[in-house]
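Whole structure, please, built from the sequences with the hints as guidance.
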Amino acid sequence: MMREALSRLRFFLTRREPNELDEELQFHIAQSVDANIAAGMSAVEARRQALLEFGGVERTREQCHEQRPGWWLGTVQQDVRYALRGFRRNVAFTVTVIATLTLGTGATTAVFSVVDRILFRPLPYAQDDRLVSVGLVQPMQRTEFTLGGFFFDWADNQKPFQRLTYETGYGDCNLTENNPVHLHCIHVAQNFLPTLGVVPSAGRNFTAEEDLPNGPAVAMISDGLWLSRFNRDPGAVNRTIQIDGHAARIVGVLPRDFEMPRLQEVDILRPAQIDRAEQNKVNSGIGYPLFAFARLKPGVSIAEAKAEMEPLFLRTQQWIPAELRKDFHLQVQSIRDRQMADFYRAAWVMLGAVLAVLLIACANVASLFSARGAARERELAVRSALGASRGRLIRQTLTEAVLLAIAGTAAGSALAEVLLRVFIAIAPTGMPFLGAARLDMRIVLFMVVLAFVSAGVFGILPAMERPRLTALGARQARSSRQVRVRRVLVVSQIALSVLLLAGASLLVKSFWMMEQQSLGMQTRNVVTVHVSQNGEPSAKETADFDLRVEAAFRQIPGVTAVGMSNSLPPGGPHAGSRYSELEAEGSAPTPAGTGGSVAWRSVTPDYFRALQIPILQGRNFSDEERGLDEHLAILSKDLAARLFPDGNAVGRHVMHELFNPYREAGPVYTIVGVAGRVKNGGLTGDDEPEFYELRTSVQPEMWDNHNVFLVESSLPVDALTPWVRARIAQIDGTAPVEIDTMKQVVSRLADRPRFETALLGFFAGCGLLMAVIGLYGVISFVAAQRTQEIGVRMALGATRADILRLIAGEGARLIVLGGLMGLGGALAGAQLLRSLLFNVGPHDPVAYGAVVVLLGAVSLAATLVPARAAMKVEPLEALRYE
Amino acid sequence: MPPSTDLLQGTLDLLILQTLVSRPMHGWGVAQRIQQVSKDVLQIGQGSLYPALHRLEYKGWISSDWRSSENNRRARYYALTAAGREKLETELETWKRLSAAIGLVLSPEASS
Chain A
1 MMREALSRLR
11 FFLTRREPNE
21 LDEELQFHIA
31 QSVDANIAAG
41 MSAVEARRQA
51 LLEFGGVERT
61 REQCHEQRPG
71 WWLGTVQQDV
81 RYALRGFRRN
91 VAFTVTVIAT
101 LTLGTGATTA
111 VFSVVDRILF
121 RPLPYAQDDR
131 LVSVGLVQPM
141 QRTEFTLGGF
151 FFDWADNQKP
161 FQRLTYETGY
171 GDCNLTENNP
181 VHLHCIHVAQ
191 NFLPTLGVVP
201 SAGRNFTAEE
211 DLPNGPAVAM
221 ISDGLWLSRF
231 NRDPGAVNRT
241 IQIDGHAARI
251 VGVLPRDFEM
261 PRLQEVDILR
271 PAQIDRAEQN
281 KVNSGIGYPL
291 FAFARLKPGV
301 SIAEAKAEME
311 PLFLRTQQWI
321 PAELRKDFHL
331 QVQSIRDRQM
341 ADFYRAAWVM
351 LGAVLAVLLI
361 ACANVASLFS
371 ARGAAREREL
381 AVRSALGASR
391 GRLIRQTLTE
401 AVLLAIAGTA
411 AGSALAEVLL
421 RVFIAIAPTG
431 MPFLGAARLD
441 MRIVLFMVVL
451 AFVSAGVFGI
461 LPAMERPRLT
471 ALGARQARSS
481 RQVRVRRVLV
491 VSQIALSVLL
501 LAGASLLVKS
511 FWMMEQQSLG
521 MQTRNVVTVH
531 VSQNGEPSAK
541 ETADFDLRVE
551 AAFRQIPGVT
561 AVGMSNSLPP
571 GGPHAGSRYS
581 ELEAEGSAPT
591 PAGTGGSVAW
601 RSVTPDYFRA
611 LQIPILQGRN
621 FSDEERGLDE
631 HLAILSKDLA
641 ARLFPDGNAV
651 GRHVMHELFN
661 PYREAGPVYT
671 IVGVAGRVKN
681 GGLTGDDEPE
691 FYELRTSVQP
701 EMWDNHNVFL
711 VESSLPVDAL
721 TPWVRARIAQ
731 IDGTAPVEID
741 TMKQVVSRLA
751 DRPRFETALL
761 GFFAGCGLLM
771 AVIGLYGVIS
781 FVAAQRTQEI
791 GVRMALGATR
801 ADILRLIAGE
811 GARLIVLGGL
821 MGLGGALAGA
831 QLLRSLLFNV
841 GPHDPVAYGA
851 VVVLLGAVSL
861 AATLVPARAA
871 MKVEPLEALR
881 YE
Chain B
1001 MPPSTDLLQG
1011 TLDLLILQTL
1021 VSRPMHGWGV
1031 AQRIQQVSKD
1041 VLQIGQGSLY
1051 PALHRLEYKG
1061 WISSDWRSSE
1071 NNRRARYYAL
1081 TAAGREKLET
1091 ELETWKRLSA
1101 AIGLVLSPEA
1111 SS
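Taken in sequence, the protein lines are chains A and B. All letters in the first sequence, in the order written, are residues 1 to 882 by the numbering used here. All letters in the second sequence, in the order written, are residues 1001 to 1112 by the numbering used here.
Treat the hints as calculated values from the structure; they're not laboratory data. Incorrect hints may appear among the rest.
To give an idea of the chain B side of the interface with chain A (calculated C-beta under 8 Å), a few residues [what the hints assert, rightly or not]:
1. His1026
2. Trp1028
3. Gly1047
4. His1054
5. Arg1073
Over the 12 Å line for every Cβ pair with chain A, so calculated as not near, a few chain B residues [to be verified]:
6. Thr1011
7. Thr1019
8. Val1021
9. Glu1089
10. Ser1099
11. Ala1100
12. Ala1101
13. Ser1107
14. Pro1108
None of the values given here were measured: they were computed from a predicted structure. Ideal Cβ placement from N, Cα and C applies to all residues, glycine included.
Pasting the structure below:
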């Protein structure tokens, strides 16, 4: 067998001289002639007989040729050449098929590559399916957190988990060595890494002793820090680094792919060193907030774990002040669900959209091949009559399909790469892992296979049927079935693209509403500056530092206002209070736990000037008041209307209750003014009423590390930035500074909706384009097929308008049918988009109207072009047709 | 192309291989020889002879080279290779079994 294969290979590789065979056959004839002469014939007769006996040379030659191994490869070459010639003759068909395949495979591959990272990526933990996040949720915080007082009680008594661990969520620190940098330090329990199943890539995890209160100062560093600071030197372990001015010894290095379960950035892990006893005293006796994670015991499901934890939760719940208790619930969910909560919906919508595009593309390819098959029926019949075997015909059509599939998928892969880069470029920063998304080769492969299969199947189908002799006579009987198939395909294409268009239209309208809404403040010409001081400065030190920075900023030429606040609208996190904790002078207290929450900002007078927030009643704080030891406040319009329904808030008083741990009287604020409404729940969230307290220089408890400066100036940002940096450097050269424009802050909030809108819009455009191509194809095919009929009708007196109606009516039926199906589907499915929409109902009439108009216009155009061509048919020519 | 199991083709291959056992021959010689030995019953037309020769050569059972013939013409001579010899043996074996079996079926004793 082996020898035979080798021999075949040898002959496959070496080419035999073509004239050798001729010589051999000539020899045969010559021998025959000799033999005939020897038998007594004349020379002429001998030659004649020999040739007669010999028969046709050509057939022998061909048969000998066909014996050659790899002979069929030659026919492939032939098929390829033939196919390419065919493509050149029919450029429109070729380009359409390749473009369809390119769009279909490219978009699908790119989106799958992204979505796969979001929905299906493995977490970098051992057996990540058994890791859960455990904690409380309440209306103001819907992802799980827990409290020190609760956690340790749970940890002592829990049964469903192999291990239970926590991180404190505490984040900022500064590396105070030669190049001071702002880092993310996270404090974790000693068993944090073992619970996640993470093994340090160098050094070791913390020991139990290191996690005791006042234990040794140790740290684990991230791979990124290991690289940037120590160039991955294994000797970095046991070195000391300066964190916030204190020495800490590095005991280990985190693996390269390490990430926190809540996905926050991490440069340094430190042992939390929590004092358990203290947790029952601080923060009204319930302890500091923690984030708990656990590894389920084998065989325990998440639901079982939650059920087993419920009694523990109910016991610890008693420690929460009674007024708030019922707001809190226990929640256990997988870490993956916690990470992706907000993105699941968007990811599924994207996936659905791209599948619709893929289906439309497949329908288009099928439709195009079917049309081509019908057009070539006669050609196939002729070739068959000339002796081409069925296998040969199938091979020929398959070659064409495969060639198109190769071109389409190659272009599709390139498109996917481009699209992926575009996605990454326009994706919101908060979208996890998108930056790391790569073209997934498995998906590329899948798309290639899919393209080959669909092109192959649709390409072969017409060739599978034995070409009938009647096809040589060319009447269209069989084509009518194909037209039916293509009509079904076109209707479903239109329906699918309407579905996509409706989704895109809703998102576009929602995005437009969001961009158009008034923020209640100006964002131009305002720069925000975050300065974080090193170490752990006291409130007094913070106040001094911030006041010096403020004074320094005021001296920058062109600066018109320098405001301070502890948080920024419209999106960022901000302090808050419960509405029920505010007690207006002269009215009964609101029942505890009702009224929702109130945004709380501690600001200076220039805050309102810099952001140009209008003061509607009363006045702004004055600069003199900053030096007084008084509690002054400005209420937002909404809050003033709720606290003082009579409309006279100015000059009245509001008491802010404290829970310590039980309700007690707090500071009493005098209201000096009422400010206009400002967006403060993100671009799409509901606005909260807002309470502005004046930040005075004499009340140090109002100062902390969250200060942000708002600098309004007539200078362009690029010119202002070096001034700002220089001024801060004069005060503290080691303090890290972050500068942003207010515009960027706002625009970043719109990143995600912009991303979703752009994406769905792109898909809807692709879908519509392909559906229109399909529609155009069917209508022009039908028109061409009915040329003769048109001729007869016109000969019998039909006007050109009748013909136009005839053909356009055909298209209109398909459009209406597909459009109605699509609209029905969209109306039913739009609920899925609800959470992505802002100020737009899922059944917004304008959005759907836009879809109908767009679809109607584009598809009517696709119908009218071939219909007009049919209308111009000359009756005489049409009757002579064929 | 998969090897054909066609009886006729297989038989022709067997005849050619058997003919080449004694000495290398050119195509015409092979045809003449088969005709002669079979007492003119088997006449091999060139249309089947040459494709068969080529096929056998491609399979490596026979090899060919150009020599001058008995009357000084340039002719292509085919010779059995070692692989061909083995092939011939197994084919002969099969053929004998087959013809014996057919003979048994066709013999008058069997039908009685």
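Each hint tested on the structure:
Checking His1026/B against chain A by beta carbon gives a least distance of about 7 Å; that is within 8 Å, so the hint holds. Proximity of Trp1028/B to chain A holds as hinted, the smallest CB-CB distance being about 4 Å (cut-off 8 Å). A distance limit of 8 Å between C-beta atoms decides the matter here; for Gly1047/B the minimum to chain A is near 5 Å, and the interface restraint holds. With a least beta-carbon distance of about 4 Å to chain A, the hint placing His1054/B at the interface is held under the 8 Å criterion.
A least Cβ separation of about 6 Å between Arg1073/B and chain A falls short of the 8 Å threshold, and the interface hint therefore holds. Taking the minimum C-beta to C-beta distance to chain A, about 17 Å, the non-interface status of Thr1011/B holds against the 12 Å cut. Once the 12 Å rule is applied to beta carbons, Thr1019/B is consistent with being away from chain A; the minimum gap is 15 Å. For Val1021/B, the requirement that its beta carbon stay farther than 12 Å from each beta carbon of chain A is met, with the minimum near 19 Å.
At the 12 Å boundary, the C-beta of Glu1089/B stays outside the reach of chain A, the nearest C-beta of that chain being 15 Å off. Listed as outside the interface, Ser1099/B is consistent with that label: its C-beta sits roughly 26 Å from the nearest C-beta of chain A, beyond the 12 Å cut-off. The beta carbon of Ala1100/B is kept farther than 12 Å from every beta carbon of chain A, the shortest such distance being approximately 27 Å. At the 12 Å boundary, the C-beta of Ala1101/B stays outside the reach of chain A, the nearest C-beta of that chain being 26 Å off.
The Cβ of Ser1107/B sits about 37 Å from the closest Cβ of chain A, beyond the 12 Å cut-off, so the non-interface label holds. Non-interface status of Pro1108/B relative to chain A is upheld: no Cβ of that chain comes within 12 Å, the nearest being about 39 Å off.
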